[in-house]
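Note that the sequence shown covers residues 182 to 350 in our numbering.
Rather than coming from a laboratory, the hints here were simulated on the basis of the structure. There could be a bad hint or two in this list.
[Said to hold, decoys possible] No farther apart than 20 Å at their CA atoms in a straight line, the calculated lysine to aspartate or glutamate pairs in the EDC-like style are these: (1) K191 with E226; (2) K191 with D216; (3) K191 with E229; (4) K282 with E302.
Since the structure is predicted, the reported quantities are computational estimates derived from the model, not experimental observations.
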Amino acid sequence: MEDIIIRNVKKQDIPKVVDIQINGWKTAYRGIIEDQYLNTMSKEEKIEKRQKDYMMNGFIVAELNNEVVGFCRYIDNNSFSTEVEEADCELLALYVKSNLKYNGIGTRLFQYVKNEFTKKEKSKMILWCLKDNEPSKKFYKKMGGKIICERPIEIGNKFYQEVCFLYNI
182 MEDIIIRNVK
192 KQDIPKVVDI
202 QINGWKTAYR
212 GIIEDQYLNT
222 MSKEEKIEKR
232 QKDYMMNGFI
242 VAELNNEVVG
252 FCRYIDNNSF
262 STEVEEADCE
272 LLALYVKSNL
282 KYNGIGTRLF
292 QYVKNEFTKK
302 EKSKMILWCL
312 KDNEPSKKFY
322 KKMGGKIICE
332 RPIEIGNKFY
342 QEVCFLYNI
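The whole structure should be built from the sequences, with the hints applied where relevant.
Here it is in structure tokens:
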């Protein structure tokens, strides 16, 4: 898919980004996270949160044929994951439309973020992934990450485990 364009998010992209996120959760996390939570995810709440994210740096989308087909959020510090002291940057979210996975879009988003961190002279990137999300863990391992720890995360009043991948940039 050579026609993929990676660019900064625009305000008008937010509803599409939220659709990708919610559909991604319903697809990737079915059987991992309780159905009740997945079935009642609020688009309005997610739009409100993503509009706040939009105001920050480190929010990109993948566009194919003038359609947003994926997105990524990242920060050039470790403010969300202080328990991993050696990290100096973090990939916060990476989503691709479910029907377009395995076409290189996620790889392009991931590589874009790594390149941005390289430009900023960052050296240790982390990302968190649900422990039971085997397809995503396989992708993150393929991209060169090593699992270094895990922690509990609360989603919908229930606790799950997530693992932390560390990357040398």
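Is the straight-line distance between the alpha-carbon of K191 and that of E226 20 Å or less? Holds. K191 to E226 sits at ~18 Å (cutoff 20 Å).
Proposed proximity, E229 with K191 (alpha carbon, max 20 Å): Holds, at roughly 14 Å.
Is it true that the CA of K191 sits at most 20 Å from the CA of D216? 31 Å, violated
Taking 20 Å as the top limit, are the C-alpha atoms of K282 and E302 close enough? 30 Å, violated
Against the hints set out earlier in the document, violations occur for numbers 2 and 4.
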